[in-house]
Every structure is written in structure tokens, then in C-alpha cells.
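**Student:** No gaps in the numbering here: position 26 of the sequence shown is 25 in my numbering, and each next residue is one more.
Since the hints were made in silico from the structure, they are not lab data. Here the structure is a predicted model, which means the values were calculated and not measured. Heads up, the beta-carbon is just placed ideally off N, CA and C, and yes, glycines get one too. Just to be clear, a hint being listed does not mean it is correct.
As the list claims (entries may be wrong) - What follows is a list of derived Cβ distance ranges for each label pair: (1) Gly74 <-> Asn51: 33 to 43 Å; (2) Asn31 <-> Met0: 10 to 20 Å; (3) Ser46 <-> Tyr23: 47 to 57 Å; (4) Lys64 <-> Phe39: 27 to 37 Å; (5) Ile19 <-> Leu40: 33 to 43 Å.
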Amino acid sequence: MSRDGFTSFRQRISNANSSILQVYDRWHFIKNARKHLDTFLLSAVPSTITWNEPSSISIETALTKAEKIKLIRNGT
């Protein structure tokens, strides 16, 4: 028997006949898995992320050899 996660249904089906195979339906499984994933992510991932600005990098170290030659040729 396919059913949702309502525990009362599970208990009543078991009481009626314990040999009935109960299967959790796919839609409710995915819905509840998503709910639990959302709850977990809200608790595990901070609500704000701090962003630290990188320290200033000198132009000499940031430029490639080709970029340095281009700067020299342009006179800047």
C-alpha cells in the first residue's frame, strides 16, 4: 500500500493487517527530503558571509611579461 508519512495511517494499516507492505510514496518522500535539507542548510550555512577585501597588489606583480612590455611601449 502506498501512503504518505502520516503516522496514524501507518498504525491503522498495521493494526488492520500486519502483512500489508507499506511503501512511502515518491512525492511525499521528495517533499520531506527537501524540507529536511532546507532545515539542515539553514542551520549549517551562516546567514551572512563576511567578505574581506584582498590586500592591494602592486602592479608589478600583477602584470604578465607581455602586459609590462605593452605598458612600456604605450609610455604609461
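**Student:** Looking at the structure, which of the earlier hints fail to hold?
**Tutor:** Of the numbered hints, 3 and 4 do not hold.
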